[in-house]
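Number of protein chains: 4
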Amino acid sequence: MATEMNLGMTERLVPIHKEVSEMIREEISPLDEEYLRDVDVGDRWQHTARQTEILEGLKQKAKSRGLWNFWLTDSSSGFGLTTVEYAYLAEEMGKSHLAAEVFNCSAPDTGNMDVLERFGTNEQKEKWLKPLLEGEIRSAYLMTEPEIASSDATNISMSCQSDGDHYILNGEKWWSTGAGDPRCRIYIVMVASPDDERSRHQQHSMILVPADTPGLEVLRPMQVYGMDDAPHGHMHIRFTDVRVPASNIILGEGRGFEIAQGRLGPGRIHHCMRAIGQAERALEMLCKRSLDREAFGNKLAQLGGNYDIIANARMEIEMTRLLCLKAAWMMDQGDPRAAAPWISQIKVAAPLMALKVIDEAIQMHGAAGISQDFTLANAWKHVRTLRLADGPDAVHRRQVARWELKKHTQEKV
Amino acid sequence: MATEMNLGMTERLVPIHKEVSEMIREEISPLDEEYLRDVDVGDRWQHTARQTEILEGLKQKAKSRGLWNFWLTDSSSGFGLTTVEYAYLAEEMGKSHLAAEVFNCSAPDTGNMDVLERFGTNEQKEKWLKPLLEGEIRSAYLMTEPEIASSDATNISMSCQSDGDHYILNGEKWWSTGAGDPRCRIYIVMVASPDDERSRHQQHSMILVPADTPGLEVLRPMQVYGMDDAPHGHMHIRFTDVRVPASNIILGEGRGFEIAQGRLGPGRIHHCMRAIGQAERALEMLCKRSLDREAFGNKLAQLGGNYDIIANARMEIEMTRLLCLKAAWMMDQGDPRAAAPWISQIKVAAPLMALKVIDEAIQMHGAAGISQDFTLANAWKHVRTLRLADGPDAVHRRQVARWELKKHTQEKV
Amino acid sequence: MATEMNLGMTERLVPIHKEVSEMIREEISPLDEEYLRDVDVGDRWQHTARQTEILEGLKQKAKSRGLWNFWLTDSSSGFGLTTVEYAYLAEEMGKSHLAAEVFNCSAPDTGNMDVLERFGTNEQKEKWLKPLLEGEIRSAYLMTEPEIASSDATNISMSCQSDGDHYILNGEKWWSTGAGDPRCRIYIVMVASPDDERSRHQQHSMILVPADTPGLEVLRPMQVYGMDDAPHGHMHIRFTDVRVPASNIILGEGRGFEIAQGRLGPGRIHHCMRAIGQAERALEMLCKRSLDREAFGNKLAQLGGNYDIIANARMEIEMTRLLCLKAAWMMDQGDPRAAAPWISQIKVAAPLMALKVIDEAIQMHGAAGISQDFTLANAWKHVRTLRLADGPDAVHRRQVARWELKKHTQEKV
Amino acid sequence: MATEMNLGMTERLVPIHKEVSEMIREEISPLDEEYLRDVDVGDRWQHTARQTEILEGLKQKAKSRGLWNFWLTDSSSGFGLTTVEYAYLAEEMGKSHLAAEVFNCSAPDTGNMDVLERFGTNEQKEKWLKPLLEGEIRSAYLMTEPEIASSDATNISMSCQSDGDHYILNGEKWWSTGAGDPRCRIYIVMVASPDDERSRHQQHSMILVPADTPGLEVLRPMQVYGMDDAPHGHMHIRFTDVRVPASNIILGEGRGFEIAQGRLGPGRIHHCMRAIGQAERALEMLCKRSLDREAFGNKLAQLGGNYDIIANARMEIEMTRLLCLKAAWMMDQGDPRAAAPWISQIKVAAPLMALKVIDEAIQMHGAAGISQDFTLANAWKHVRTLRLADGPDAVHRRQVARWELKKHTQEKV
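Just so you know, the sequences run in chain order A, B, C and D. In terms of the numbering used here, the first sequence opens at residue 1 and continues consecutively. In terms of the numbering used here, the second sequence opens at residue 1001 and continues consecutively. In terms of the numbering used here, the third sequence opens at residue 2001 and continues consecutively. In terms of the numbering used here, the fourth sequence opens at residue 3001 and continues consecutively.
Derived from the structure by calculation, the hints contain no laboratory data. If you're wondering where the values come from, they're calculated on a predicted model, not measured in any experiment. Note that CB positions come from ideal geometry on N, CA and C, so glycine has one too. Hints should not be assumed to be uniformly reliable.
[To be verified] With a cut-off of at most 30 Å between alpha-carbon atoms, the simulated DSS-like pairs for lysine-lysine come out as follows: (1) D/3299 x D/3288; (2) D/3288 x A/407; (3) D/3356 x C/2288; (4) B/1299 x B/1288; (5) A/59 x A/127; (6) B/1406 x C/2288; (7) A/288 x A/18; (8) A/356 x D/3406; (9) D/3356 x D/3288; (10) C/2299 x A/288; (11) A/61 x A/18; (12) D/3356 x C/2356; (13) D/3356 x A/406; (14) B/1127 x B/1061; (15) A/412 x D/3299; (16) A/299 x C/2288; (17) D/3406 x B/1299; (18) C/2059 x C/2130.
[As the list claims (entries may be wrong)] Computed Cβ-Cβ distance ranges for the label pairs, DEER-style: (19) C/2200 x D/3049: 54 to 60 Å; (20) C/2297 x B/1262: 34 to 40 Å; (21) A/25 x B/1296: 42 to 48 Å.
[Unchecked claim] Some chain A residues close to chain B (C-beta under 7 Å, calculated; not the full set): (22) 149; (23) 227; (24) 251; (25) 291; (26) 293; (27) 340; (28) 366; (29) 367; (30) 388; (31) 394; (32) 398; (33) 399.
Turn these sequences into a full structure, and let the hints steer you where they fit.
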């Protein structure tokens, strides 16, 4: 084990963290509700003028203050924060609906930009990475398919036939998050590239598909417990003879999983830290409500098992945050393979913890908790998706177990 | 303990159960989806012609077959089923969105009819009970208020001033389930009737308020994790100088809790048994999906902890069903006070169990599980409300604990 | 489903239950502690004079009152109680250390007597069943082996070679419960009888081995969390060329699992109902302690999550008891194969529930709870063994899951 | 939040950690079993010659290598390790029965030495601290009393009357851990010093009582699930007119809680880290067993929910360890009041986690797991006491909740 594992904030982070937290608390969060209310005005899949004004206004503020692209860790462009440092900021961003995008730190763009930065050609970077880094366009990542168990990603089967200097894609993708946004211009698509010469994890490729390519058809928005997340959206998209230049492939045929491995690590840490931010906010709401209302002659806080609920929430938040910070620190050590077990651990632990805390906060609010009057029900739905996105709990537990068993055997487990 | 506790189906129930189950499976369930889809057509709070056709058509069929008002247990009108017998039917009704209403067995009408039948004057019965029993109108029960912790029902504070031979009501109610339905004509409203002469549980009354009384204003539909349940709805209603004749009071001033005690018991059993029906349906879906899809070279059923998940679901469904049947049997013994601890037990146990099973079924379906493609996400939201409706878990656990402690002490606990 | 499922006490059971309960409460339980204390006097593996006096005295009383061999359900000898009826008595017996033996209803004798009654030859019955029914001798059941995973009983490998009209047994058995008792005279031993002609579940036999057969060597008592359960004991026994007449085989070669199937069902129900009795006793102790002691100015009962702990315990006891009664009722329907899934369910559910309740009772007692001053720690250890005896939880869950899946597929699961 | 929170090993710790780990693995652990077996030889409450040889031999080795009194953190004597550094060593010591004492780092001596070092007079230090630091004598800490709920320590009521320049003590203490050891020479005793002038937490004192003072009577050893932990022991001690010089009081009358506050923090961290060591050892055993044994044609590791069990254990160990290290780091910041909430958190979290992991390891071992053939059952019993020692879970959760609520209110909670 290394001799330094600083999981606290660094000196350079402290002022940035303060600035980001304050901007979220004072400038961004107060606009969340208005932005979300406007979704129901006119076409759900277009921004209203007011939405654009809110979002672009905040983005300009953040950008002009230099609070931009924090996710670009370990980099000469951007802040060059460590993953641990960024994790602290991601937690804060989790407390507001708009915050991550305001700082150009929102999924799925961060993961997509990461792929382009590490593996893209100069041409690909110029065309797609640059406007993404500027916050001018958005992107989507098309992986999951309706007809197969995507929990085993080797099942992915979208056809990608070579045709001269082009590829022709056919099939369906769904849960293409962000593809509903009119600003979304580019998809990174995982496709099958079967080749008997290559191993089981070298049968897939990633390829760039502009959102306006003929043959693409958005069938419908998928709903999360009835919520369509418009105008961001989780879209179901059909590909019919979609032609893209061969140069759109990233890194080369059969290298899809190699890219995915790198892409998903940081993104999962960000998701988990944002979930912790949501848990913190929920616990704060829970405590305040328990102090505000009375029943049977006592504050709710003092009734029944509420002390235990509060204490358990605090303990589980702390433990989960520390685990996420440790995973971030592992990522910062430069060996993604060594960090992978830690990322699988937090991918299981953080959403489960956050769901539990949010659910308790809902229960403490009574019927108000499940209603539109508080953000809790929406927060719950958002976090619930994380138990499925990027691999369901069971797959990550399976990975963690196999790493553990390999400490004790040479055989395949 | 009594010497017979038949928790199985009686001979007379078997053919009824068969007829009801088959009608649900073959005639009602297949129309659920079409009915729900039509909610988004035109005014959400009016039935489309097709919705009316579906619902009234099914109701006529059920009524003409004599499958009607089963909930009217222990009664010369209706079937006179026992609560245990009815519980078996309620479980089946839980498997379909429309079924309970088709058999005129849906909440909140059953509870309201029960109140009127037991405690109503002849005039009240003629005016409201009769059309409810015929399925011609619907009703709502207005209890919970936004400004107080309704978990302690003695907090309820809607003002009800006597004014000659009228009462004048002022205040707000919310989560008035069913009040969105255009067929909803009558509310039973819990109001405060403070009187220092009476005890703490004799400070409230129930009063009948026709839905078209001037001064009533539906402020908005409350949402359940974003779902408005239109056109049924959970409405937020403001009362401004609402005048009703003094004869609309039920049983008399200060007797609200006395009525509530009787009203809530059977309704809670019905809710719980329907939740068990939803759990059964979810487990069936879980098993089928686990057999249909493959990952890592195996059926999902055979992977990881899925055997354990399935086995635990089966065990918990069985245990919870038996507890509900026992509670129903206690109710059939004729002493609601003796049955009360059992009803509090199932009120906690059944929704928690059903939520767990449905959540596992969702997880087994992957992202499809949280989407509009399966009924699971909606089922989860419906059952989630049961942890709050008619008293949150904590209040019922508190009651169960106090009954337990009273076995061992004479002192107040 | 059948049209009557009486899970209550029958009329004929009521007076028996009263007599048994009273004898346990007033005559047997008060002697438990003295009996157990005497284990530490002299040779732990011999009864002291006082132990014999206590135990045989109580047995004579019970026998003379006709309170004897209740377990012999569905039988012309004995009471001919149903399994459901007996289950109620077993629960009472679970509340005292000595009670089951006092009524000649203790494991492993009941299971062994059951085997002999159903499958024994007249000679076997005369020699072993008769004195067992009279309570003159005791017996053991030798199944588990140290070198294999006995959770998969097909792993059992004790050698049993035919040698003329004898068999010669070699190998080791452990956890031979009751084999430490000087009154234990006969073992029923599961041995391997490999035969390629027969199926996987026809490779084992059961054979009678008198405890004084040469070649038997008790190596040591196994300990349960340090407890040796003397003088009953869970013995580790080595077989070295142990010769028994061929006529000692039960039912015939290869029929061991066929016998086990029948033997284990009722025994598991008894174990589970006794565990429920222990849970009831623990909950009573928990409540009393919570009312007796004070901290922070309140009775313990009123502090923190104690209401929730008490309520959950009550609910889980009730649900588990009902499931056990249902399993007993299934057994009474005469088709052990149909009852098997139910027995697997309670085999998992009842010990887990009882352990949880006892653990909470221990925690409520503070350090006294884990000490020799209360029976709770011992109760916990006894019940903990039930999660392993007769198959670990995981194996029973596996069975329950497979039965569930078979409802939905013709394929092997 | 501070700008550095290094929870990893420091450079100076790495070689020490290696030396300590190796000595435990290679020299100490291999003797654990022999030492424990000798408890049953002769008088359980005296060391056999072989026990003395093993223990003193190892102590001399450790001392001569300078591996001694690591617990003496933040100190010029000893290593002056930080609490975080020591925590890593405590985890290793948790893996062996003897290790903590071998390095003179065992409870309750460390806590007692800590009290004497911080608060003792020079005379007290000379007489008792010096030989304790040398490992020549041992000590006990007498707090809990049989007749009161010690979870609320203000209930403690041992009488301590001033009598000239002496105090006279009367009452009973139990669970006096280590008082069974013949080398135990000195007790630190918490007594009541009621004084209406002082606040509720200034009504108690700590006083030194030599173990050979007349009037002390060891009534019996308390048992932990039947285990007496001889010759260390948890003794029940009666005080009858026990006279000690007034100079034996520590810090002064009424300052008992002030001392306890300081004393208990580090001790709780040590206990928790040792529990983590036990969990790690249990997980290792679990994995190895799951790879060694087969059932139903597969390694146990690959069956049912075992991947999930292993993954959850790994995740929970990691999270709990990080929380303990954070609590240790808080302690190192020099403000025990700020560290207190963290210590309460780990006091709840670590034993619960370790019990769960050990219980799963037991279950994976089948009946062997609960037997004397593996250390698991003993480990479970040891860790189980930690849920009660130094305050039961409920009291610590109460504290954590109150700290949390105080963030949101000025009122008393």
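To see whether the hints hold, each was checked on the structure:
At roughly 11 Å between alpha-carbon atoms, residue 3299 of chain D and residue 3288 of chain D fall within 30 Å of each other, so this suggested pair holds. The suggested pairing of residue 3288 of chain D with residue 407 of chain A holds, with an alpha-carbon distance near 10 Å, which does not exceed 30 Å. A threshold of 30 Å between alpha carbons decides the hint, and for residue 3356 of chain D with residue 2288 of chain C the separation of about 28 Å falls inside it, so the pair holds. Straight-line distance between C-alpha atoms of residue 1299 of chain B and residue 1288 of chain B comes to about 11 Å, which keeps the hinted pair within the 30 Å bound.
Between the alpha carbons of residue 59 of chain A and residue 127 of chain A the distance comes to roughly 21 Å, so the proposed pair stays at or under 30 Å and holds. Annotation: proposed proximity of residue 1406 of chain B to residue 2288 of chain C holds, straight-line Cα distance about 10 Å (limit 30 Å). With a CA separation close to 23 Å, the supplied pair residue 288 of chain A and residue 18 of chain A stays within the 30 Å bound. A C-alpha spacing of about 22 Å is found between residue 356 of chain A and residue 3406 of chain D, which places the hinted pair at or below 30 Å, so the restraint holds.
For the given pair, residue 3356 of chain D sits about 18 Å from residue 3288 of chain D by alpha-carbon distance, which is consistent with the 30 Å threshold. The suggested pairing of residue 2299 of chain C with residue 288 of chain A holds, with an alpha-carbon distance near 27 Å, which does not exceed 30 Å. Taking the CA atoms of residue 61 of chain A and residue 18 of chain A, the gap is about 16 Å. The hint holds against a cut of 30 Å. A threshold of 30 Å between alpha carbons decides the hint, and for residue 3356 of chain D with residue 2356 of chain C the separation of about 13 Å falls inside it, so the pair holds.
The suggested pairing of residue 3356 of chain D with residue 406 of chain A holds, with an alpha-carbon distance near 22 Å, which does not exceed 30 Å. Between residue 1127 of chain B and residue 1061 of chain B the CA atoms are separated by roughly 25 Å; this keeps the pair inside 30 Å, and the hint holds. With a CA separation close to 11 Å, the supplied pair residue 412 of chain A and residue 3299 of chain D stays within the 30 Å bound. For the hint pairing residue 299 of chain A with residue 2288 of chain C, the CA-to-CA distance comes to about 27 Å; that is within 30 Å, so the pair holds.
Straight-line distance between C-alpha atoms of residue 3406 of chain D and residue 1299 of chain B comes to about 51 Å, which puts the hinted pair past the 30 Å bound. A C-alpha spacing of about 16 Å is found between residue 2059 of chain C and residue 2130 of chain C, which places the hinted pair at or below 30 Å, so the restraint holds. Checked against the hint of 54 to 60 Å, the pair residue 2200 of chain C and residue 3049 of chain D passes, with Cβ atoms roughly 55 Å apart. Separation of residue 2297 of chain C from residue 1262 of chain B is about 38 Å and conforms to the stated range, judged on CB atoms against 34 to 40 Å.
Under the hint 42 to 48 Å, the C-beta atoms of residue 25 of chain A and residue 1296 of chain B, about 45 Å apart, fit the expected range. Given hint, residue 149 of chain A at the interface with chain B, holds; its Cβ is 4 Å from that chain's nearest Cβ, closer than 7 Å. For residue 227 of chain A, the interface hint holds, since its Cβ comes within 7 Å of a Cβ in chain B; the closest pair sits about 5 Å apart. The beta carbon of residue 251 of chain A comes no nearer than 25 Å to any beta carbon in chain B, farther than 7 Å, and the hint placing it at the interface is violated.
Against a cut-off of 7 Å between C-beta atoms, the interface hint on residue 291 of chain A is violated, since the closest Cβ of chain B lies about 12 Å away. About 4 Å separates the beta-carbon of residue 293 of chain A from the nearest beta-carbon of chain B, less than 7 Å, and the hint is met. Taking 7 Å as the C-beta contact cut-off toward chain B, the hint placing residue 340 of chain A at the interface is violated, the least distance being around 17 Å. Hint status for residue 366 of chain A relative to chain B: holds, with the closest Cβ pair at about 6 Å, below 7 Å.
The beta carbon of residue 367 of chain A comes within 5 Å of a beta carbon in chain B, closer than 7 Å, and the hint placing it at the interface holds. Interface hint status for residue 388 of chain A: upheld, as the beta-carbon distance to the closest one in chain B is roughly 5 Å, under 7 Å. A least Cβ separation of about 5 Å between residue 394 of chain A and chain B falls short of the 7 Å threshold, and the interface hint therefore holds. Interface hint status for residue 398 of chain A: upheld, as the beta-carbon distance to the closest one in chain B is roughly 6 Å, under 7 Å.
Because the closest C-beta pair between residue 399 of chain A and chain B is about 11 Å apart, greater than 7 Å, the hint is violated.
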